Amino acid sequence: MKKEFVGGLYMFDQIFGNYLVATKRITKEQLKDVIAIENTIRVKLGLIAVAEKLMTTEQADEVNNLQAIMDRRFGDIAVEKGYLTEEQVIQLLKKQGNIYLIFVQTLIDKDLLTLSDIEAALAEYQQSMGFTATDMDDLVSGDIERTVNLFLPTANTMYSKLCGIAVRTLIRIIHSGAYVSKAFLVDEIYADNLAIQHLDGDFKVVSGFAGADDSLLSIAVPFAKEEFASVDMDALDAVGEFTNCINGLFASDLSKENIEIDMLPPLFYDESVTIKGNKFCVFPMSIEDNNVSFIVSVDEELTIE
Amino acid sequence: MANILIVDDSRTSRKMLRSILETNGHVVVDEAINGEEGVKKYQATKPDIVTMDITMPIVDGVEALKMIKAMHKDAKVIMVTAAGQKSKMIECIKEGANEFLTKPFDQHEIIEVIAKLME
Chain P
1 MKKEFVGGLY
11 MFDQIFGNYL
21 VATKRITKEQ
31 LKDVIAIENT
41 IRVKLGLIAV
51 AEKLMTTEQA
61 DEVNNLQAIM
71 DRRFGDIAVE
81 KGYLTEEQVI
91 QLLKKQGNIY
101 LIFVQTLIDK
111 DLLTLSDIEA
121 ALAEYQQSMG
131 FTATDMDDLV
141 SGDIERTVNL
151 FLPTANTMYS
161 KLCGIAVRTL
171 IRIIHSGAYV
181 SKAFLVDEIY
191 ADNLAIQHLD
201 GDFKVVSGFA
211 GADDSLLSIA
221 VPFAKEEFAS
231 VDMDALDAVG
241 EFTNCINGLF
251 ASDLSKENIE
261 IDMLPPLFYD
271 ESVTIKGNKF
281 CVFPMSIEDN
291 NVSFIVSVDE
301 ELTIE
Chain G
1 MANILIVDDS
11 RTSRKMLRSI
21 LETNGHVVVD
31 EAINGEEGVK
41 KYQATKPDIV
51 TMDITMPIVD
61 GVEALKMIKA
71 MHKDAKVIMV
81 TAAGQKSKMI
91 ECIKEGANEF
101 LTKPFDQHEI
111 IEVIAKLME
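Those protein sequences? They're chains P and G, same order as listed.
For the record, in the first sequence the residue sitting at position 187 is 187 according to the numbering used here, with numbers rising by one throughout.
For the record, in the second sequence the residue sitting at position 81 is 81 according to the numbering used here, with numbers rising by one throughout.
Here chain G is said to cover these stretches of chain P; the calculated rule only asks that three of the stretch's residues, wherever they fall, bring their Cβ under 8 Å from a Cβ of chain G:
| id | region |
| --- | --- |
| 1 | 61-70 |
| 2 | 221-227 |
| 3 | 230-241 |
| 4 | 249-261 |
Distance windows between CB atoms, simulated:
| id | chain 1 | residue 1 | chain 2 | residue 2 | range |
| --- | --- | --- | --- | --- | --- |
| 5 | G | K94 | P | K94 | 43 to 51 Å |
| 6 | P | D289 | G | S19 | 22 to 30 Å |
| 7 | P | E226 | G | N24 | 16 to 24 Å |
Read the hints as simulated data drawn from the structure, not as lab findings.
From a predicted model like this one, the values you see are computed outputs, not experimental measurements.
Ideal placement from N, C-alpha and C gives every residue a C-beta, glycine not left out.
Just chain P, same shape as in the assembly (with noise of 0.2 Å):
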């Protein structure tokens, strides 16, 4: 029944959206005014289980604040407290709607594109990506676990752990429009600034966000909800924080099968920096037209210069 549990958080309007921009069929304001409909029509789920009386505002928000700090979707956290019952959460869903039709009925109503237009836009992004139609069924469900395995480019479980749990983190607190691009394996690579954070015991993890120019602000200004001139080193103090709540659920999670991880205190780099390492992950996000990397890597130490 579980399964069948779609959550709030969805990828793939902005994913290929921003295709549907890059291929010049849509504008990037066509593509913000798109989303923004879709976001008045797509309602949140606590709002609908509110409005259907089925939950008091109170139980509402106090399941919004445990899922910020819990990386559990509010339908199973409201089933769990005994707000909801697993068949009502299933009925909230589909009252929700699908995200993706609303999505291209949105791009179809503002007379942008066509249906068979759109069809066609997908034929050739998956074809550009190289994936089957069973990867494609995965990313326009929106399961972000699923989304974020295919953009993966290692089946290490440790990778798609960490890299999952960040991406939700990102969506829930950062923003809600947030989406990634296809991950990569390198050896070394240039950053402008960068915050990190190693972790030991069982498994030894170093992860942390870098950045070029002032796109870590992107992160920085809504995690402390304060403003930044520059990637100075409180803004990536900020980054740090976040980075610390990503790898506190991953460690959360490893506790589960009893992998028992430790976290140091993150660091931080305000001057530009190598990163090096031995095929480490580079998982690229955007956050609002900002770039910024998700770096990883599992059982090999990072050395920056």
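We have chain P already, so just place chain G on it with the hints.
Using the frame of chain P, we list chain G on its own:
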């Protein structure tokens, strides 16, 4: 209303915590950026409650908790953790930690925990 000492190496976390505490009528008597400074400032300010981050450089939160409890066994110390620090949390319970708060901060949880300790 409680007098509270915040011990955390992260400026972001100190600022967020201070804002939540002050908005809810509590007084932040001082801040410290690591466990060593936290112990010194505890002795200087004698707060009602300490919020102590676990992961800090120089002297971490667990060591600072031990030091404070060794000197003042009735000290009220709330340990602040990221999720997933299970073994550290068990160690803190053994050393007499009074409560735990998880990052990212939830205002309701913070206020409830402080009210409970001030009863």
